[in-house]
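Take these sequences, add in the hints, and give me the full structure.
Line order of the protein sequences matches chains Z and D.
With full-length UniProt numbering applied, the first sequence corresponds to residues 1 to 156, in that order.
With full-length UniProt numbering applied, the second sequence corresponds to residues 1 to 506, in that order.
What the hints contain is simulated information worked out from the structure, not anything from laboratory work.
The C-beta atom is built at its ideal place from N, Cα and C for all residues, glycine as well.
Errors might be hidden in some of the hints.
Examples of chain D residues toward chain Z, derived with CB under 8 Å [what the hints assert, rightly or not]:
#: 1; residue: Asp120
#: 2; residue: Gly224
#: 3; residue: His268
#: 4; residue: Glu279
#: 5; residue: Ala281
#: 6; residue: Met282
#: 7; residue: Asp291
What follows is a list of derived Cβ distance ranges for each label pair [claimed, not checked]:
#: 8; chain 1: D; residue 1: Ala201; chain 2: Z; residue 2: Pro126; range: 41 to 47 Å
#: 9; chain 1: D; residue 1: Ile161; chain 2: Z; residue 2: Pro126; range: 17 to 23 Å
#: 10; chain 1: Z; residue 1: Cys17; chain 2: D; residue 2: Asp150; range: 35 to 41 Å
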Amino acid sequence: MEEAVELTPEELELPPCKYEYLDHPADVQIHAWGDSLREAFEQAAVALYGYMTEIDKVDITGRQEIEADGHDIESLLYNFLDECLYVFSAEEFFVARKVVVTEFDKEAFSIKATLYGEEFSLEKHPQGTEVKAITYASMQVYDSGQQHELFVIIDI
Amino acid sequence: MVVRQYNEELKYLERLSPQCWRIKKGFQPNMNVEGIFYVNDHLEKLMFEELRNSCRPGSIGGFLPGMKQIANVAALPGIVGKSVGLPDVHSGYGFAIGNMAAFDMDNPKAVVSPGGVGFDINCGVRLLRTNLTEADVLPIKEQLAQSMFDHIPVGVGSKGIIPMTARDLEEALEMGMDWSLREGYIWAEDKEHCEEYGRMAQADPATVSMRAKKRGLPQLGTLGAGNHYAEIQVVDEIYDKWAASKMGIEEKGQVCVMIHSGSRGFGHQVATDALVAMEKAMKRDDIDTNDRQLACARIHSKEGQDYLKSMSAAANFAWVNRSSMTFLSRQAFAKQFQLSPDDLDMHVIYDVSHNIAKIEQHWVDGKLRTLLVHRKGSTRAFPPHHPLIPVDYQLTGQPVLIGGTMGTCSYVLTGTEQGMMETFGSTCHGAGRALSRAKSRRNLDYTDVLIKLQEQGISIRVASPKLVMEEAPESYKNVTDVVDTCHAAGISKKCIKLRPIAVIKG
Numbered sequence: 001m002e003e004a005v006e007l008t009p010e011e012l013e014l015p016p017c018k019y020e021y022l023d024h025p026a027d028v029q030i031h032a033w034g035d036s037l038r039e040a041f042e043q044a045a046v047a048l049y050g051y052m053t054e055i056d057k058v059d060i061t062g063r064q065e066i067e068a069d070g071h072d073i074e075s076l077l078y079n080f081l082d083e084c085l086y087v088f089s090a091e092e093f094f095v096a097r098k099v100v101v102t103e104f105d106k107e108a109f110s111i112k113a114t115l116y117g118e119e120f121s122l123e124k125h126p127q128g129t130e131v132k133a134i135t136y137a138s139m140q141v142y143d144s145g146q147q148h149e150l151f152v153i154i155d156i
Numbered sequence: 001m002v003v004r005q006y007n008e009e010l011k012y013l014e015r016l017s018p019q020c021w022r023i024k025k026g027f028q029p030n031m032n033v034e035g036i037f038y039v040n041d042h043l044e045k046l047m048f049e050e051l052r053n054s055c056r057p058g059s060i061g062g063f064l065p066g067m068k069q070i071a072n073v074a075a076l077p078g079i080v081g082k083s084v085g086l087p088d089v090h091s092g093y094g095f096a097i098g099n100m101a102a103f104d105m106d107n108p109k110a111v112v113s114p115g116g117v118g119f120d121i122n123c124g125v126r127l128l129r130t131n132l133t134e135a136d137v138l139p140i141k142e143q144l145a146q147s148m149f150d151h152i153p154v155g156v157g158s159k160g161i162i163p164m165t166a167r168d169l170e171e172a173l174e175m176g177m178d179w180s181l182r183e184g185y186i187w188a189e190d191k192e193h194c195e196e197y198g199r200m201a202q203a204d205p206a207t208v209s210m211r212a213k214k215r216g217l218p219q220l221g222t223l224g225a226g227n228h229y230a231e232i233q234v235v236d237e238i239y240d241k242w243a244a245s246k247m248g249i250e251e252k253g254q255v256c257v258m259i260h261s262g263s264r265g266f267g268h269q270v271a272t273d274a275l276v277a278m279e280k281a282m283k284r285d286d287i288d289t290n291d292r293q294l295a296c297a298r299i300h301s302k303e304g305q306d307y308l309k310s311m312s313a314a315a316n317f318a319w320v321n322r323s324s325m326t327f328l329s330r331q332a333f334a335k336q337f338q339l340s341p342d343d344l345d346m347h348v349i350y351d352v353s354h355n356i357a358k359i360e361q362h363w364v365d366g367k368l369r370t371l372l373v374h375r376k377g378s379t380r381a382f383p384p385h386h387p388l389i390p391v392d393y394q395l396t397g398q399p400v401l402i403g404g405t406m407g408t409c410s411y412v413l414t415g416t417e418q419g420m421m422e423t424f425g426s427t428c429h430g431a432g433r434a435l436s437r438a439k440s441r442r443n444l445d446y447t448d449v450l451i452k453l454q455e456q457g458i459s460i461r462v463a464s465p466k467l468v469m470e471e472a473p474e475s476y477k478n479v480t481d482v483v484d485t486c487h488a489a490g491i492s493k494k495c496i497k498l499r500p501i502a503v504i505k506g
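Here it is as structure tokens:
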């Protein structure tokens, strides 16, 4: 059972939607962007959950902390999204409505994030499509000047 | 990726026969061997369109077309023969979907690549027969479909109903279908009609991460989502009466059950873990690939061996998974017809893997060689008299199960000698996608798709309405085109055509 947690109004505030699902024959390509790369990462994680259920049916009643690291920016993104998929797929079965990156080190390639959402329940959450895994295929991360966006293909 | 103008790209492609194209070296950098792919007129257009769409130098986003992916695979160290695209080939991740490649076990530099197996390790198809006819089933078709849907957990987030502890899982990973047999879920004969007899001996659960086991445990005995399904089908056409009768298929209208599923979250995590581990090993061993998703390791390195052991555990997981759903399907039929599964003659015709790497012996340039054959979205299709196929099919060749898509036909083919020579005993695996998932969601309407299925007399039970659009027949290549191309090219032979009367999906 999840513990009841106190959440501040700020934590309950919902972010704007800055992601889209692009055409790919077999799978789905997530395109996420933001005012910073940090925001693009947060958006990509929400996009991941958004494919597995209808995200507006998810309430924020709890939180989960996750951590990931990598050896370059692509592997950081890969491992971060894999971590997000894992909390959904195993014990906890947590689905997030909102993701906040709390620490983002672009030199050491490490990331910490808080996921806000609740336990996935077949009674409450419509079933979307299952995401099997994150892929490196045609992965692109842009982070310079005004351009902060990323493309990642998820395996369906 | 090399980006040239479309007309420039075409210079690297040459038609060999009406069903076959050659991809010359230079199409992608560092190609060790040539590529080859099989298409008919219709499928050919789709392939070339995919290539044309990607020839936009300087644009961001986008993805690699299937032809480029076939060529990237041809650039992997130790590849033997050709990188082969089967008729259902389309862009995937790393390898194309519908791509097979063999690597020389005796070449110390040859590699194994998790991207050549896919995330859904040992995803495959199983076909059960019954002694019922369509007329027996039609009056209670809706109840039967509902009963199958109630018995088999489907869709994202569903959990298995067969009781499993962490210890059971360890044993299942090691024993595959021997575990299912010991626990009483299957019949002894089921194993006989399954590739590898439902158990890969190299499996070592100790090489599998805790994460994979945690993802796998709740999902054992679940169908999953995406293109996975359980269908009640009837025999629509018999092309090879003699081979069909060896499979226990005697007449049109006979009822069968097809199950298409894989190793669920367990296999997905095993593949992910291997990909991450191999990325590191590639730096150490100085291996370079054209695509990061083609991460690979030398077959005899620790990473390579660990992957083969954990992949085998995932393969065992998938067989136990399909076996659990075989058990549930038999129960559903038995309850509806008040007859035991035995009396309904619900035998396994065959069970194929279409995402796997296997050690096999093949003739290359007149010499018998031991190869690691990767099949991703490709099915093994061994010819008559091959020692690795069961005694019942020694004279017909291996049954090859080609699953259609929701609402379309499925096929049973048999392996041929020509396929053994040309494609390392491999053929297609299904329809292969034509329309992207996002496009299907935009262009198709949920209710239209359902009405159309209803008009065709197909009952459907599905967990996710969105999936109905993504998986609509319009989203796929025509499976008949795919199968006819395999038949015309001689790499496998048509035996039976099946059409669905009820579909159960995630």
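Against the structure, the hints come out as follows:
A least Cβ separation of about 6 Å between Asp120/D and chain Z falls short of the 8 Å threshold, and the interface hint therefore holds. The beta carbon of Gly224/D is positioned within 8 Å of a beta carbon in chain Z (closest approach about 6 Å), and the interface hint is therefore held. For His268/D, the interface hint holds, since its Cβ comes within 8 Å of a Cβ in chain Z; the closest pair sits about 4 Å apart. Proximity of Glu279/D to chain Z holds as hinted, the smallest CB-CB distance being about 7 Å (cut-off 8 Å).
Residue-level restraint check for Ala281/D is violated (minimum Cβ-Cβ distance to chain Z is 13 Å; threshold 8 Å). For Met282/D, the suggested interface contact is broken, since its CB lies about 12 Å from the closest CB of chain Z, more than 8 Å. Given the 8 Å rule on beta carbons, the hint for Asp291/D holds: about 7 Å separates it from the nearest Cβ of chain Z. The hinted range of 41 to 47 Å is satisfied by Ala201/D and Pro126/Z, whose Cβ atoms lie roughly 42 Å apart.
At about 21 Å, the beta-carbon gap between Ile161/D and Pro126/Z stays in the expected band of 17 to 23 Å. Distance hint for Cys17/Z and Asp150/D: a CB-CB separation of about 36 Å, consistent with the stated range 35 to 41 Å.
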